[in-house]
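Once you've looked at the hints, dock chain B with the ligands against the given chain A.
Taken in order, these protein sequences are the chains called A and B. Mapping the first sequence onto the numbering used here, position 278 (from 1) lands on 278, and the numbers just tick up by one. Mapping the second sequence onto the numbering used here, position 2 (from 1) lands on 2, and the numbers just tick up by one.
Just so you know, these hints were derived from the structure itself, not from any lab. Accuracy of the hints is not assured; some may be wrong.
[Unchecked claim] In silico lysine to any residue, SDA-like type, Cα no more than 20 Å apart, as pairs: (1) B/K39 <-> B/S67; (2) A/K138 <-> A/G157; (3) A/K138 <-> B/M263; (4) B/K39 <-> B/M263; (5) B/K39 <-> B/E199; (6) B/K39 <-> A/G267; (7) B/K39 <-> B/R89; (8) A/K138 <-> B/D195; (9) B/K105 <-> B/L151; (10) B/K39 <-> B/E170; (11) B/K105 <-> B/R89; (12) A/K138 <-> A/A106; (13) B/K39 <-> A/R266; (14) A/K138 <-> B/E265; (15) B/K39 <-> B/T2.
[Stated by the list, open to error] Covered by chain A, per the in silico footprint, the following chain B stretches (three or more residues, Cβ under 8 Å): (16) 106-118; (17) 156-162; (18) 211-220.
[Said to hold, decoys possible] For the chain B half of the interface with chain A, some residues (derived, Cβ under 8 Å), not all of them: (19) L35; (20) V254; (21) D258; (22) F260.
Source: prediction; values computed, not measured. Backbone N, C-alpha and C define an ideal beta-carbon position, used for all residues, glycine too.
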Amino acid sequence: MSALLEIEDLVVDLPVAAGTLHAVRGISLSIARGETLCLVGESGCGKSLTSLAVMGLLPKAARRRATRMTLGGEDILDATPDRLSDIRGQRMAMIFQEPMTSLNPAWSIGNQLEEALLRHRRVRRAEARDRAVFLLEKVGISAAASRLGQYPHQLSGGLRQRVMIAMALMCGPELIIADEPTTALDVTIQAQILRLLIDLQREFSMGLLFITHDLGVVSRIADRVAVMYAGEIVETGPAADVLSRPNHPYTQGLLDCIPRPGTVARGARLGTIPGVVPNLAGRIEGCAFLDRCPSRRPHLCRQPVELRGLGDGRAYRCILPPADAAPPAPEPAFA
Amino acid sequence: MTMLLEARDVYRSFQVSGGLLRPRRTLFAVNGVSLSVAKGEVLGLVGESGCGKSTLARMLLGALEPSRGDIRFAGRPLAAADRLERARRIQPIFQDPYSSLNPRKTIAAIIGLPLLVHGVGDAAERRRRVTEQMDLVGLPRRHADSYPSQLSGGQRQRVAIARALILRPELVIADEPTSALDVSVQSQILNLLLDLRDELGLTYILISHNLAVVEHLATRVAVMYLGRIVEERDTDNLFAQARHPYSRALLSSVLTPDPFAGMPEAPLGLAFPNPLDPPSGCAFHPRCPAAVADCSRTRPTPVAVDGGFAECLRCAEPAAATRH
Ligand SMILES: Nc1ncnc2c1ncn2[C@@H]1O[C@H](COP(=O)(O)OP(=O)(O)OP(=O)(O)O)[C@@H](O)[C@H]1O
Ligand SMILES: Nc1ncnc2c1ncn2[C@@H]1O[C@H](COP(=O)(O)OP(=O)(O)OP(=O)(O)O)[C@@H](O)[C@H]1O
Ligand SMILES: [Mg+2]
Ligand SMILES: [Mg+2]
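Chain A extracted, bound-state conformation (with noise of 0.2 Å):
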């Protein structure tokens, strides 16, 4: 598979009245075509930062910088405005987690659907309203026709989610970017929103950026994985392996804290991680997760640490040897 969206050590610093923020501390990914890959971690930790950096879309006091970023083998680092304003209309799209955050309370469903082909593509009104027609039947509004004429308060929250994701597509973009799209929504109406991107993904064969702190829907929709902490890669890899086995303290602090009926007994205990992430602000000396990570060792975590690869396509950054080649258990399995 050829890498669709490559990312190569990406930095986004913030000024804050302490200085700066360094919120994104140089990060690298990349997402092939049909794959989807999921970035986690806790609130605060850089997740929306490096999607907006992708999409050329972070505030204007933000600075970004990075050794290299392509989508398809187009520069995106480097574009001009112009550029990426065809790049984000034609190329990728995002779908936030507030469907109101991108349409608008004043255009018809149909008008916003249409506008957003019609800026980018040489289309005509007629053209243009079919694949609309098309497309929100596609993402299962039944009698789409009588829908265009509708406005975004007269639908329901999973509805105009459904339209942000109809919006999305209507370019027919390589990329996708969902930050948290079902966050706001209830476990039905999240369960029909992810079935429909994942099928959409895989009928249009397109990359899809998908950002959730929820674990249990990376384990269902994931490709791959990268866990964040503080700005930073901490583990990465694919998603059944780093959520069965993981390497790196941190992801296996959050599998702990989370309720797991049948693994966990009912009104047993459940893991914490103690403590708060660091302060962004300042300068971060060795590893970001020290303070809070049971398995410290003190003298050798305030060196940096190095995102380590494993050669199987899984990567962490942490001195404790992997997850696999910890002490045997009591009953060596595989001797």
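Just chain B with the ligands, lined up with the frame of chain A:
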């Protein structure tokens, strides 16, 4: 068993505008709910967004009058207790630890406010109780003079819990207490709720969209659909074999972190019910995979199933009642 809280056939409707130039219409948010909660229980309340969970919770708190039906607390009509007494014995915890705390008051003042309102103790006594309360929920004492904006989300939710518990209520009604929090903070709050239940002998009603959280905490679970409780079971029974088709759809939508499970098929169609114009017969029938012709005509009544009841015509059929 004496019941701490009992609601019998409770209804609540709202008048909503039907749109431009249309007459106002009646929306039944809670449509005939009966439930009882014994001391020491944790009753989980789940269901689709808009099914009436929060409206029911507000009535059980005494913050909203039922249109019809009756609610008793510790054997006496809830409406007969005065506002202060109700607040002393039943306390809410809300979803949003940001908006429920006064940003201009210190943490100690926020936690101690109920003592002031209820005229408990002198200043020194109140101070002592606040400190005790902060220890109880694991808030460092040095935060006594901090402001909410100086605390993390998890700490703010602890403040809200400390305030809710300072008068030693008997019943705590928590409406999505952890859904605004990260999982690492959520687990701390859930542990805290469980510890406090043991230490203080609390009774909880827990509302949540997160079924793993409900399964972890609740002893019994009520599933709501369009204003009614359609199934109520002991937690083990419900999660082992839900009987109402809506409960089953709900459970199958839960995404546990199981890397080998894949995405469930979306179980429910898009025919969302309109609460202003509820379907005839069983309100769930237009979306129900098991519906038969009778379901659109006959309103189901509760049928006893192991560990509780389900309100479904098909559950009453002998064939459906056999376990496999
Ligand atoms: N416009 C801004 N100005 C200043 N700081 C910002 C701005 N946007 C984000 N930040 C800070 O940058 C850090 C990373 O933010 P980001 O939104 O990427 O986090 P996130 O991982 O998406 O979190 P969440 O899960 O809460 O959405 C946070 O500490 C945040 O407070
Ligand atoms: N004050 C009000 N006036 C009019 N309608 C209301 C009012 N309060 C609630 N409703 C309606 O009553 C129904 C039940 O709302 P409620 O907030 O109880 O649902 P919920 O189950 O708590 O949903 P969620 O899971 O989204 O919090 C909804 O259709 C809602 O729109
Ligand atoms: Mg974000
Ligand atoms: Mg609610």
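### Query
Is the shortest C-beta separation between B/D258 and chain A less than 8 Å?
6 Å, holds
### Hint consistency between B/K39 and B/E199 [alpha-carbon to alpha-carbon, up to 20 Å]
14 Å, holds
### Task
Starting from A/K138, check that the Cα of B/D195 is at most 20 Å away, please.
At roughly 48 Å apart (the allowed maximum being 20 Å), B/D195 and A/K138 break the hint.
### Task
Below or equal to 20 Å on CA atoms is what counts here, so check B/K39 against B/T2.
At roughly 8 Å apart (the allowed maximum being 20 Å), B/T2 and B/K39 satisfy the hint.
#### Entry: Holds or violated: B/K39 to B/S67, with C-alpha atoms at most 20 Å apart
27 Å, violated
### Query
Quick one, are A/K138 and A/A106 close enough, alpha carbons at most 20 Å?
24 Å, violated
### Query
Can the restraint linking B/K105 and B/L151 be considered satisfied, given a maximum Cα separation of 20 Å?
13 Å, holds
### Query
Do the numbers back the hint for B/V254, that is, is its least Cβ distance to chain A under 8 Å?
With a minimum Cβ separation of about 6 Å from chain A (threshold 8 Å), the hint on B/V254 holds.
### Query
Within 20 Å, alpha carbon to alpha carbon, are B/K39 and A/G267?
17 Å, holds
### Task
Would you check whether B/L35 satisfies its interface hint, that is, whether its CB is within less than 8 Å of any CB in chain A?
21 Å, violated
### Message
For B/K105 and B/R89, compute the direct alpha-carbon distance and say whether it is at most 20 Å.
### Response
Distance of about 24 Å is beyond 20 Å: violated.
### Proximity test - 8 Å, beta-carbon atoms, the region 106-118 of chain B to chain A, at least three hits
violated (count 0)
The structure is inconsistent with the numbered hints 1, 4, 8, 11, 12, 16, 17, 19, although it conforms to all the rest.
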